[in-house]
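Protein chains: 2
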Amino acid sequence: MTTIDQTINELEALFGTRVSRAEAVRKHHGDDLSYIPAMLPDAVFFAESTKDVSQALAICNANRTPVIPFGTGTSIEGQTHALKGGISIDVSGMADILAVNEADFDAVVQPGVRRKQLNEHLRATGLSFPVDPGADASIGGMAATRASGTNAVRYGTMRENVLALEVVLPDGKVIRTGTRARKSSTGYDLTKLFVGSEGTLGIITEATVRLHPIPAAISSAVCTFGSLQGAVDAVIATMQSGVPMARIEFLDEVAIEAANNYSKLSLKIAPTLFLEFHGTETGIKEQAETVEAIAAEYGADGFEWASRPEDRNRLWQARHDSSHATRALRPGSANFVTDACVPISALADNILAARADADQSFLRTKINGHVGDGNFHVNYLVMPGATDEIREAERLAARVVERALESGGTASGEHGIGIGKLKFMRREHGPALESMVALKHAFDPNDIMNPGKLGSLPD
Amino acid sequence: MTTIDQTINELEALFGTRVSRAEAVRKHHGDDLSYIPAMLPDAVFFAESTKDVSQALAICNANRTPVIPFGTGTSIEGQTHALKGGISIDVSGMADILAVNEADFDAVVQPGVRRKQLNEHLRATGLSFPVDPGADASIGGMAATRASGTNAVRYGTMRENVLALEVVLPDGKVIRTGTRARKSSTGYDLTKLFVGSEGTLGIITEATVRLHPIPAAISSAVCTFGSLQGAVDAVIATMQSGVPMARIEFLDEVAIEAANNYSKLSLKIAPTLFLEFHGTETGIKEQAETVEAIAAEYGADGFEWASRPEDRNRLWQARHDSSHATRALRPGSANFVTDACVPISALADNILAARADADQSFLRTKINGHVGDGNFHVNYLVMPGATDEIREAERLAARVVERALESGGTASGEHGIGIGKLKFMRREHGPALESMVALKHAFDPNDIMNPGKLGSLPD
Chain A
1 MTTIDQTINE LEALFGTRVS RAEAVRKHHG DDLSYIPAML PDAVFFAEST
51 KDVSQALAIC NANRTPVIPF GTGTSIEGQT HALKGGISID VSGMADILAV
101 NEADFDAVVQ PGVRRKQLNE HLRATGLSFP VDPGADASIG GMAATRASGT
151 NAVRYGTMRE NVLALEVVLP DGKVIRTGTR ARKSSTGYDL TKLFVGSEGT
201 LGIITEATVR LHPIPAAISS AVCTFGSLQG AVDAVIATMQ SGVPMARIEF
251 LDEVAIEAAN NYSKLSLKIA PTLFLEFHGT ETGIKEQAET VEAIAAEYGA
301 DGFEWASRPE DRNRLWQARH DSSHATRALR PGSANFVTDA CVPISALADN
351 ILAARADADQ SFLRTKINGH VGDGNFHVNY LVMPGATDEI REAERLAARV
401 VERALESGGT ASGEHGIGIG KLKFMRREHG PALESMVALK HAFDPNDIMN
451 PGKLGSLPD
Chain B
1 MTTIDQTINE LEALFGTRVS RAEAVRKHHG DDLSYIPAML PDAVFFAEST
51 KDVSQALAIC NANRTPVIPF GTGTSIEGQT HALKGGISID VSGMADILAV
101 NEADFDAVVQ PGVRRKQLNE HLRATGLSFP VDPGADASIG GMAATRASGT
151 NAVRYGTMRE NVLALEVVLP DGKVIRTGTR ARKSSTGYDL TKLFVGSEGT
201 LGIITEATVR LHPIPAAISS AVCTFGSLQG AVDAVIATMQ SGVPMARIEF
251 LDEVAIEAAN NYSKLSLKIA PTLFLEFHGT ETGIKEQAET VEAIAAEYGA
301 DGFEWASRPE DRNRLWQARH DSSHATRALR PGSANFVTDA CVPISALADN
351 ILAARADADQ SFLRTKINGH VGDGNFHVNY LVMPGATDEI REAERLAARV
401 VERALESGGT ASGEHGIGIG KLKFMRREHG PALESMVALK HAFDPNDIMN
451 PGKLGSLPD
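From first to last, the protein sequence lines stand for chains A and B.
End of the first sequence = 459 in the working numbering, gap-free, step of one.
End of the second sequence = 459 in the working numbering, gap-free, step of one.
Chain A with its partners taken away, still in its complex shape (with noise of 0.2 Å):
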């Protein structure tokens, strides 16, 4: 008997039928949203308790396994896709709000609670929890990933919104980092070495989050530029002006042509900015005067409202969409998207190039971003399996990457490494690297938790 069938026949006699060898549930599990074809674990555990991910991951590092956490797939770096087979460990069944400290404005989540389960909980209470990246992620994975999206410009990124976090490491060991205070100094700061570790040290099997206040007053507004130059200098002299902006993307006339067709906008095509206000009433009007002052220098069109919460919701379900929208202009295409992340000073020279690069190139191109943050993101339409398309995308994509890295930037603002961007982390990273692999091994010395990608050597 070889050992996987080992783990496996182990990991049934634990848990029976929650142990699965059936082909479309090792397809879905070891997929995600990204272009890179799937990679089949040999088997999928729903685990239901820290208890049952302790005890499995026990069996695998026994028999050494690979092992792959899930969340719910909606990753696009294939962080989830099974590289060196293995079981992949599905929390999604563990999904209860534990609990909710509303005078402390934190909650502390089972892994598998999606973002909006969350916030529809909180409903009555005043509070959300603002991290946005479009997919309705699990707050696990999205710990895991080190998630941002629309609103990390004012309330930061999972990295700032994760307080605390129960952990089963690599042996069955449970241990738990951080507190649910709002700061300490009392040793390594592991709660922000798994934020962001992408399965590769352990399984987060509990995630204690910030929450913040609702603001008094929200507005939002669209904004188009007669230039991509003009809409992102404008960006970067509102982030310069410190009005406290609580989202402004960017989003170029592709995307733009995608949202008027696939989420029924009659938007004008042209550079644009999606910008929203969060303050009391005086504060936000406050805010927009000075960002629509600085929108005209840089040759805007004028602010036009969305002020009712319905026109508000239409236009970031629009913006949340720009992805299915996109492929929406190439049915069937799928979805090879790069993310990069700048200093601000240096954003508009990157999305100029990307935009430059790709109209060159025979692949069109959409390109957005959460501009706010210097955090930009490179669709690129290609067909699954076309290998020219993808090889164009990916020669597209390295240069994007390349010269965030020259402008003193990172190789991902939020989307992370997966299998797709190991390749850039020596770059990045320098001999950074080999302290990293230290670390991973130092968690991990079997090297079971989402083996060949983060803490590994690129090949």
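Note that these hints are calculated values from the structure, not bench results.
Virtual Cβ for every residue (Gly too), placed ideally from N, Cα, C.
Just so you know, not all the hints are guaranteed correct.
[To be verified] Example chain A residues on the side facing chain B (calculated, C-beta under 8 Å, incomplete):
no. : residue
1   : 146
2   : 152
3   : 182
4   : 197
For this one, chain A is given, so just place chain B on it according to the hints.
Below, chain B alone, put in the same frame as chain A:
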């Protein structure tokens, strides 16, 4: 020849008079602002460059000689004490501000740059580095201690304000962590790992820190309360209101008496809040009205405004001098201070219990704190070497920490572990402590970096 002599000889051969064996120098470097008696290193090396640090560490590592990094020696839990002798590496001479990127709101500094020096340098830019632990500490030391202070409630601690680091590892290898981008999802967050590592993983030789725009309008106020409970409850209600306080500091009656004496103020002797509002003119007016109404509900006597910059500076200088001022109440006394941080809902109970404990003790005690974060300090006025007094202070401080941990808080919000709080690490972190030990071993296999402190199992 002993190993330590070997190390010192090798350092002297390379660096000449920049290596000192003088007792006065060693005494200064084996001490800090704590009550803990000095523990002298065998020699002090004054580094002037990253290369210096790298060469010195390589020598120490080869000889298994302990190394204690030194910035300004303003820590307060024995972080710079040479618990096992060895070489103190003083980086205070590496004090150049290497870059200020105004458009990106960041600065790149050597580790010996002090926070006041940086803010002086920024004077013309409209930007500031807001992390303010009171002492004019070095940025490297502040990063290593994960310092925070009065402004952290609004602008975050060193955890949020360090974007990137250059670090020399124990074997002399130089790595860079992080980038100048605002956010990143590319691998383990080594920056956050070195922030708060208290010199046990490597030596910080460069830091990239966030800067923040100086607000258009600032106002400060003092507000006294009829009871300690009222003052703390007003803080809790203020934080829950969502008003973005820039500073909200609590001082008890002892702190006020001390400030009146030492800083020539004439404040009413009562539980008091020092408040600061940052924003636009209309914004801070609105904030102040909200907070004044809340304070009135909790028995405040109303706001006394410090509107002129000189009045404001006098107020905050008095707050910063609180530690000196309190010691001046008992000339010759040492700085036995503990800090803890709790979820805000537990703040009143924790402070009231600390006060009640102190009132039953023969030691005079002051309580103050950065209460907007749930962080409070308890100062016990002890004479150096008075073992009965120190024992009593230790007993009282342990109770402060135990209650904080029972409340879901942490043993230190900002002072760190050093030697003084090692004994609480197991209680706070449980089995995660072994993960910290493993992590320390991965970075420092020969255990030369500040040995016997963070990353070691307590005796």
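Check: Which of the listed hints are broken here?
Finding: none
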